[in-house]
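Trainee: Residue strings, one per chain:
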Amino acid sequence: MHEDFHKDLRSLDAVFEFLDKFALRERLDSKAAYALTLAVEEFFTNIVKYSKAKAGMIGINAARTGETVTVKLEEETPIPFDVTLVEPLHVAVSPAARTPGGLGIHLARCMLDELRYDYEEGMSTITLIKQVREGNV
Amino acid sequence: MFSISTDARGNVLLAGRFDASQTDQARQFFDRISDSATVDFVALDYISSAGLGVLLATQQRLKKDGKALKLIHMNPLIRDVFRIARFDLIFHIE
Chain D
6 MHEDFHKDLR SLDAVFEFLD KFALRERLDS KAAYALTLAV EEFFTNIVKY SKAKAGMIGI
66 NAARTGETVT VKLEEETPIP FDVTLVEPLH VAVSPAARTP GGLGIHLARC MLDELRYDYE
126 EGMSTITLIK QVREGNV
Chain Z
17 MFSISTDARG NVLLAGRFDA SQTDQARQFF DRISDSATVD FVALDYISSA GLGVLLATQQ
77 RLKKDGKALK LIHMNPLIRD VFRIARFDLI FHIE
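For the record, the sequence lines run as chains D and Z.
Counting in the numbering used here, the first sequence runs from 6 upward without gaps.
Counting in the numbering used here, the second sequence runs from 17 upward without gaps.
Among the hints, a few may not be true.
[Stated by the list, open to error] Think about it this way: if two alpha-carbon atoms lie no more than 25 angstroms apart in a straight line, the pair counts; the simulated SDA-like pairs of lysine to any residue are:
no.	chain 1	residue 1	chain 2	residue 2
1	D	K12	Z	D40
2	D	K77	Z	I100
3	D	K12	D	T70
4	D	K54	D	E31
5	Z	K83	Z	R102
6	D	K12	Z	G32
7	D	K54	Z	R43
8	D	K12	D	E72
9	D	K12	Z	K83
10	D	K36	D	E126
11	D	K54	Z	K83
12	D	K77	Z	I106
Everything labelled a hint here was simulated from the structure, so no lab data went into it.
Since the structure is predicted, the reported quantities are computational estimates derived from the model, not experimental observations.
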């Protein structure tokens, strides 16, 4: 499944609708669906807030092959930002004492099995991978 | 769809999806809370880091006056998010 969304937080409802349809079609269990939804929201929001290309679209592609679900967020941007290189959150520190920022990426990393980043010819791609059990519902 | 309201017992009732597009509405609501309060998650399906940030800011503000938020009726998926974020260390969760 693929759909393009305006680079705007007001697109989130449509993004969730897209992910709900995908989860239903692929019979994902609620835990896997939650993890993917949260990870997509965190990276979508990061792109909206921090991308160097303010206008434009974010393409989301979701697919399941056997026990592997892969979701890609694609954006045309002049400057790459490798999300896999973001410093890990210091979870040993109480949330009240932490430096602000980084929580969303921390949650996404913990809830996914793999996170990849590619940048080629102006196209930035964040790839989220989640393993699901065969026949998961 | 997200909503925030006060129920008949005076508890804050969250419902739907508390995502990054809802933080302004939620922040305005929580900014009006000046005493200890119970936040009922019974109708909340989803929360992301954006929602956690609003709750954390409120908790930190209340804590300065010796007050706190108590969180109740959290579903297991949301409870997991709180655990991963280690927000269970700073909120009383029932």
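Trainee: Next step is simple, just say for each hint if it's right about the structure.
Mentor: Now the hints, each set against the structure:
no. : hint              : verdict
1   : K12(D) to D40(Z)  : holds (18 angstroms)
2   : K77(D) to I100(Z) : holds (23 angstroms)
3   : K12(D) to T70(D)  : violated (28 angstroms)
4   : K54(D) to E31(D)  : violated (30 angstroms)
5   : K83(Z) to R102(Z) : holds (20 angstroms)
6   : K12(D) to G32(Z)  : holds (23 angstroms)
7   : K54(D) to R43(Z)  : holds (18 angstroms)
8   : K12(D) to E72(D)  : violated (30 angstroms)
9   : K12(D) to K83(Z)  : violated (39 angstroms)
10  : K36(D) to E126(D) : violated (35 angstroms)
11  : K54(D) to K83(Z)  : violated (33 angstroms)
12  : K77(D) to I106(Z) : violated (34 angstroms)
Checked against the numbered hints given earlier, the structure breaks hints 3, 4, 8, 9, 10, 11 and 12 and satisfies all the rest.
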